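Visitor: Sequence:
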Amino acid sequence: ATGLGAFGKVSLAASPHGEDNYLLKEMGFRIARKHARKVRRIAVFMGFIIPFCLIGIAMHYLHGHVMSAGLIVAAVSCLIGLGFERWLFFAEAKHAVTLFYGESKV
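Just so we're aligned, residue 565 is where the sequence shown starts under my numbering, counting upward by one.
Keep in mind the hints are simulated off the structure, nothing from the lab.
From a predicted model like this one, the values you see are computed outputs, not experimental measurements.
Backbone N, C-alpha and C fix where the C-beta goes; we use that ideal spot for every residue, glycine too.
Where hints are given, some of them may not hold.
Just the calculated beta-carbon pair ranges, DEER-fashion [to be verified]: (1) Tyr-625 - Ser-668: 51 to 59 Å; (2) Ala-570 - Val-661: 52 to 60 Å; (3) Cys-617 - Lys-573: 48 to 56 Å; (4) Arg-605 - Gly-572: 14 to 22 Å; (5) Ala-633 - Glu-656: 32 to 40 Å; (6) Lys-598 - His-627: 38 to 46 Å; (7) Tyr-625 - His-599: 14 to 22 Å; (8) Met-623 - Trp-651: 25 to 33 Å; (9) Lys-658 - His-629: 43 to 51 Å; (10) Phe-616 - Val-661: 32 to 40 Å; (11) Phe-571 - Arg-604: 39 to 47 Å; (12) Arg-601 - Phe-571: 40 to 48 Å; (13) Gly-647 - Ala-596: 14 to 22 Å; (14) Leu-626 - Phe-654: 46 to 54 Å.
Using the sequences and the hints, build the whole thing.
Guide: Pasting the structure below:
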């Protein structure tokens, strides 16, 4: 589209803004790999492992109100884990709007 061909590669000469704006704050989020691994472990542990273990224990060993409490704790743990997973999904997303602000690919 630029007609440069063999002359070179199109690059961003200057940033479109001097400060962060709404688009960068909401869609240009970056998360470090170290933190992403930690959040992913929390999501798997809280969202799947703890609830399955608590449901198994509650169904086989507990009765009455104690079983109900165990199932409620399992449900709350699952919701917390799924919340972490959902947040991580959006934090790792690559949005097309970041191309305007200097990202080389989406």
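Visitor: For every hint, state whether the structure bears it out.
Guide: Hint-by-hint comparison with the structure:
1. A hinted range of 51 to 59 Å for the beta carbons of Tyr-625 and Ser-668 is consistent with their spacing of about 55 Å.
2. Between Ala-570 and Val-661 the Cβ separation comes to about 30 Å, which falls outside the hinted range of 52 to 60 Å.
3. Between Cys-617 and Lys-573 the CB atoms are about 53 Å apart, so this pair conforms to the stated range of 48 to 56 Å.
4. Look at Arg-605 against Gly-572: about 44 Å separates their beta carbons, and that is not inside 14 to 22 Å.
5. In this structure the hint that Ala-633 and Glu-656 lie 32 to 40 Å apart at CB holds, the actual value being about 35 Å.
6. A beta carbon spacing of about 43 Å between Lys-598 and His-627 agrees with the range 38 to 46 Å that was offered as a hint.
7. A hinted range of 14 to 22 Å for the beta carbons of Tyr-625 and His-599 is inconsistent with their spacing of about 37 Å.
8. Evaluation of the 25 to 33 Å hint for Met-623 and Trp-651 yields a pass: the beta carbon distance comes to about 30 Å.
9. Between Lys-658 and His-629 the C-beta distance comes to about 48 Å, which sits within the given range of 43 to 51 Å.
10. The given range of 32 to 40 Å is respected by Phe-616 and Val-661, whose C-beta atoms sit roughly 39 Å from each other.
11. Between Phe-571 and Arg-604 the beta carbon distance is about 44 Å. The supplied range of 39 to 47 Å therefore holds.
12. Taking the beta carbon of each, Arg-601 and Phe-571 are about 42 Å apart, inside 40 to 48 Å as hinted.
13. Between Gly-647 and Ala-596 the Cβ separation comes to about 20 Å, which falls inside the hinted range of 14 to 22 Å.
14. Here the CB-CB span from Leu-626 to Phe-654 is close to 36 Å, at odds with the stated 46 to 54 Å.
Comparing the model with each numbered hint stated earlier shows that hints 2, 4, 7 and 14 do not hold.
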